[in-house]
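Peer 1: Work out the full structure, taking the sequences as your base and the hints as a guide.
4 protein chains.
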Amino acid sequence: MRAFTDERDWAKFHDPKSLVLALVGEVGELAELFQWLPADRAVQLAAADPLRQRVGEEMADVLAYLVRLADVLDVDLAEATRKKLENSAERFPAAEVHGEAPEKI
Amino acid sequence: MRAFTDERDWAKFHDPKSLVLALVGEVGELAELFQWLPADRAVQLAAADPLRQRVGEEMADVLAYLVRLADVLDVDLAEATRKKLENSAERFPAAEVHGEAPEKI
Amino acid sequence: MRAFTDERDWAKFHDPKSLVLALVGEVGELAELFQWLPADRAVQLAAADPLRQRVGEEMADVLAYLVRLADVLDVDLAEATRKKLENSAERFPAAEVHGEAPEKI
Amino acid sequence: MRAFTDERDWAKFHDPKSLVLALVGEVGELAELFQWLPADRAVQLAAADPLRQRVGEEMADVLAYLVRLADVLDVDLAEATRKKLENSAERFPAAEVHGEAPEKI
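Residue numbers (this note's numbering), protein chains in the order written: chain F, 0 to 104; chain Z, 0 to 104; chain W, 0 to 104; chain B, 0 to 104.
If you're looking for bench data, these hints aren't it; they were derived computationally from the structure. Each hint should be verified, as a subset may be incorrect.
Since the list gives no way to pick one copy over another, a pair counts as held whenever it fits inside one copy or between any two copies.
Mimicking DMTMM-like on lysine to aspartate or glutamate, the simulated pairs with C-alpha atoms at most 20 angstroms apart in a straight line are [said to hold, decoys possible]:
id : residue 1 : residue 2
1  : 83        : 73
2  : 11        : 56
3  : 83        : 70
4  : 82        : 99
5  : 11        : 48
6  : 82        : 39
7  : 11        : 70
Peer 2: What follows is the structure, encoded as structure tokens:
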């Protein structure tokens, strides 16, 4: 993404707020692919083209902007994710939350 | 994420539509961290804690759900992203789009 | 929202990109309330407090920022919505799309 | 939106999770219209067509799905928004927060 951006002189557009908006745009396109699918058949329906291809493309766009944001902010995304997952593992002990969705209210 | 999910018996919650909604929730938390920052000072302000720490955590959550969705859908996210970037490179030739934001209207 | 904003001298934060990010934050909170609910029981589960109360609050936040954005951009949101719905009615004739989800791929 | 939906027999697609995903899709399209605009020129750039027209359409789509969700959930959106704004007014007394963005960390 850094090379892609620099070759096009697009770094000047890539302040964090703009990149988050771009990420939102791609998440929106991903959401549109699933919005009207029956929840219990979505995996099956997304297993075949052309939906499979489109889902991969939109997930790729989300990752591309996330990685680009990490670069702009000098965040080590892999390390941050490992740490966050360790924290979540401590915060939600398997024995206590087994089979129950974490409360979001 | 697969191990984390299975240890908690949470796979039953992870249909694609639910995971996209969870992804949206995390993108929303990321957006909130930047929403009122001056655009031209966001990089600098996000370089110091506590914002730096919080941004890393929310980006991690976004990646975690994206990776989990890829697992559920059996999508090779790295490969999809490489392909998409190659396609974007062809679609936006550096010489033609140099220094100009791609039209979104 | 205009009075609320002016009384707090917050108009300086309300450029369109910041307001869209704030809108995204509220949509993210709304998404979190529904993410792990079974799709076929969501209406029923959201009919009782405390979820009912929380859903109303997050929907209110979404509307508040949307209305504020309309004010900042001098958009007549009610008129724009009437027009868009008329356009959608022409674009999707009832006889042609009856019972079928509009294609999003 | 209710008439529009019923005429097309689309109510069966409008469970809350699907509607929130549709809302996310429209917010994503709105975000895309602003993502690469300079923050300090966005109001001016969105004041002229074709951007003005497009922004109105995407804001309309956001409102349409929000109103439809309110209908499905039997939420009085106007009343919820008035209450929420009153609560926010108490939570953020003008004298205390004057000129300062509310902390989001």
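Peer 1: So, for every hint listed, does it hold in this structure?
Peer 2: Quick rundown of the hints versus the structure:
Taking CA atoms no more than 20 angstroms apart as the test, residue 83 paired with residue 73 passes inside one copy only; the shortest distance there is 17 angstroms, against 23 angstroms between copies. Taking the shortest Cα distances, residue 11 and residue 56 never come within 20 angstroms of each other, neither inside one copy (25 angstroms) nor across copies (25 angstroms). Taking CA atoms no more than 20 angstroms apart as the test, residue 83 paired with residue 70 passes in both settings, with 18 angstroms inside one copy and 19 angstroms between copies. Taking the shortest Cα distances, residue 82 and residue 99 never come within 20 angstroms of each other, neither inside one copy (23 angstroms) nor across copies (32 angstroms).
In this assembly of identical chains, the alpha carbons of residue 11 and residue 48 never lie at most 20 angstroms apart, being 36 angstroms within a copy and 25 angstroms across copies at closest. Within a single copy, residue 82 and residue 39 get their C-alpha atoms no closer than 32 angstroms, and across copies no closer than 29 angstroms, so neither meets the 20 angstroms cut-off. Within a single copy, residue 11 and residue 70 get their C-alpha atoms as close as 14 angstroms, which meets the 20 angstroms cut-off; across copies the closest is 29 angstroms, which misses it.
In this structure, the hints that do not hold are numbers 2, 4, 5, 6, in rising order.
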